[in-house]
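Chains as they are written, first to last, in my numbering: chain A, 1 to 285; chain B, 1001 to 1272; chain C, 2001 to 2306.
Worth flagging that the hints you see were computed from the coordinates, not collected in a lab. Each hint should be verified, as a subset may be incorrect.
[Stated by the list, open to error] Some residues of chain B that are not near chain C, with every Cβ distance over 12 Å (derived):
hint, residue
1, 1106
2, 1182
3, 1188
[To be verified] Incomplete in silico selection of chain A near chain C, CB under 10 Å:
hint, residue
4, 56
5, 95
6, 202
7, 206
For clarity, every value in this text was computed on a predicted model and none was experimentally measured. Beta carbons are placed, not taken as given, at the ideal position from N, Cα and C, and that holds for glycine.
Now for the letters of each chain:
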Amino acid sequence: MSTLTFHAISDADIAAARKRHPKAFGDPFVATLKAASWAFVIVYLIWSLGFFEIGKLLAASDRAWALITRMVVWQDMATWQYANIYKGIAQTIAMAFVGTLLGTIFALGLAFLAARNTMPVGLFRHAVRRLLDVFRGIDQIVWGLVFVRAVGLGPLAGVLAIWISDMGNLAKLYSEAIENIDRKQVEGVRATGADTGRIIRYGYLPQILPVFISLSLYSFESSTRSATILGLVGAGGIGMIIIERFRAGLFDQVAFVVLNVLIVIAIIDWGSGLIRKRFIGERGH
Amino acid sequence: MLEFKGLTKQFNSTVAVKPATFTIPDGQMVGIIGRSGAGKSTLLRMINRLNEPSGGQMLFQGRDITALKGRELRQWRNECAMVFQQFNLVGRLNVLTNVMSGRLFHHGFASSMMGIFTAKERAFAIRALDRLGMAHVALQQTDTLSGGQMQRVAIARALVQEPRIMLADEPIASLDPLNAKVVMDALRAINREDGLTVICNLHTLDTARQYCDRIIGMQDGVIVFDGTPKDLTDRAAREIYGAEAEEAFSEAMTSTALRPQPVAQPEARVVN
Amino acid sequence: MASVTTNGQDRDPVSLFETHRRQMIRDRMVVNITLGVAFLGFLLWSLWISRFTPDRLATGLPRIFEYFGSVMPTLQWDVLFDGRNEAGRFPPGSIGYWYNDFWKYMRLIWETILMALTATILGTGLAVALSFIAARNCAPFPWAGVLARRFLEFCRGVPEILFALVLVFAVGIGPLAGVLAITIHATGALGKLFSEVNENASMRPVDGIKAVGGSWFEQMRYGVLPQVLPNFTSYALWRFEINVRASAVVGFVGAGGIGAELSHTISFYSDDRVTAVLLLVVLTVTAIDLLSERARHSLIGKESLK
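Could you build all of it, start to finish, from the sequences and the hints given here?
In structure tokens:
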């Protein structure tokens, strides 16, 4: 052991250390690779922002400023038709509830058809899974537009859109929950000589029910969020009010409505958290 | 010279360290002993201001440490290195980078954010690791090392700071007896060869007696003993440890059982 | 063992158990019935508010099937893979006829993916920066932490498409509004996740860097970042999947990508062009999901080996 100061380190010392531990002085290949990947990301960002015409952002500052001012300064609050706004919010919640409930009911059946351990016929199982992929792969708002075309403007299209996308999501999650259950408990029930119905009732259900309830509650929460924008394409709910007033240039009212929606969503999250705790305890995620 | 003038620390309503006044001359190896919760750790962590003192003053070479802020405070932290009980290394970085992080204070913003270290720093870090006998693991990921190895890496990191004071907060409490000896020997060597002041919190009494020039005993935030190891009789020690006495003595036995060659007992130093 | 019968009561264990059982069932029944009634009430209210009545459904359902029937492509096996004929047109019933606008769609899908990629990179960068300020254990000043958390909450509370709507008004129609909208929302969502990861990081390395005289930036860079980087990467990849979906729909309000074409096609045509675009979108989204999932798994796999 010997004392050595940083200043006393000479080129000869460096050379000696480099000779003994060449890798400690950085692998030139790794260093180049690192620098190149950073350079790639930065070059990509600059190129893509150019491609997306970032210059428009700077040019738009006046317009953006005016918009923000209009959103923050609230005028003529007496004429805002609050009843309409709150009816829209209520409709959004109702759409989300009915849609999620229908989605849950149908997902229950589909999940057993898509799970490996309850659906032995591979071809059929894969067909069900691809169908679910289509339900999930198309965004809820796209379904909203499709159903508006099919059944006309209004909340019915919204409910159908939530139904179909929740069905796809929940059936996939449910089927994963079914595949992950503890086989031993099912075997225990089977060993008592139970028939298929009873095996499902006593072997599967107690294990998967808490997970299912929890998933459906989460689904309800996320549907309330997404249902707020279904109205942008005419599928009912608060989104219709937002887009109407936005098109009319009533930005202060839009800000007010969005603020209300955020509060309502926070309340729903909180309430559904309470229900989750009440029924399945903390572990039910 | 490190002077404490009524330094105190209060957490809400409990007083962790009651006003402490004492002086540590340069180049001394000081052991602070006491039962857990006696305020040893708080006292030590106040020296490099990881814990903010609630009152009093601390002077190093006449400079007021308690008033430092911003870059000056960081400079002071760079001057007094600290070794921790749980090593406090960055487990997911390699050993060399951990050691080189001891020189971060001397880095500019850009080079430290990009993790660029010079060849000189690398060579210096390797020398420090070599001194602790750890150069062969320089490129290993740190969390793959054993506790004793990690503590030696931590000491190497402290060394590349080129500190004037070395603080060690229970450096051997998480180690087995053999590694404890290696680490204590290293601290002792640093104290002897580099002339660094070493202030060390120790749980085991015998280690303190073995390695330190001076022992400070704390009880409930009060310094109840301050003297040479010779002055520390068994009775005085029992008073310091109180109810934990048996534990401290028995732990002392296990951790000192493995001590083949006794480290040369330091020749009498000036202890004020 | 002292049996129940020696309690001075003439009830045997079985009847005692039965009494308790009945009491318990009664208690639970009350709760269950209350909840059931509340549930049914809420359901009826919801059905009424959303006007989801049987007669509407009955008139709606046939129209749905009718619509889906009209948008299905008519493919004929004998001409399925035929090329253009002399007049430069694909014969009806061929894939070429169905996907007449294939290259236009591909260009838009390419734009959609680029939008998602740019937004993910920008959003991740912002979220990393903000997450250190927002994490309770890392915040340099408590007020900065509160401010950052509120800001992130706002960013992820408002849906992308609403941001897109507003930004289209501000910066004009085109992908820029979409990129910015998705960036803002992704920053909020990732910032929250990242700051939670930061809050779970060990503070010991941070103390270590603090003790060598490192600044706040160095404490974060060397103390926290190495611990959380694998989680950050995995979350960012997962966010990329979501952003691809989002950038496919922000076009509904004019914010670029395939969304505008999708919305236009669905709104104005009810023929096989609808399924042509939809199928491409589904395939793209599924392919990106699969790729990103594989990348995430290999990342996590590497981690668990260590």
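Tested hints:
A cut-off of 12 Å between C-beta atoms contradicts the statement that residue 1106 (chain B) is not in contact with chain C; the least separation is 9 Å. For residue 1182 (chain B), the requirement that its beta carbon stay farther than 12 Å from each beta carbon of chain C is met, with the minimum near 20 Å. Non-interface status of residue 1188 (chain B) relative to chain C is upheld: no Cβ of that chain comes within 12 Å, the nearest being about 21 Å off. The restraint placing residue 56 (chain A) at the interface with chain C holds, with a minimum CB-CB distance near 5 Å, inside the 10 Å limit.
Taking 10 Å as the C-beta cut-off, the interface hint given for residue 95 (chain A) holds, the closest approach to chain C being about 5 Å. Taking 10 Å as the C-beta contact cut-off toward chain C, the hint placing residue 202 (chain A) at the interface is violated, the least distance being around 19 Å. The closest approach between the C-beta of residue 206 (chain A) and any C-beta of chain C is roughly 16 Å, which is over the 10 Å cut-off, so the hint fails.
Of the numbered hints given earlier, the model fails hints 1, 6, 7; all others are met.
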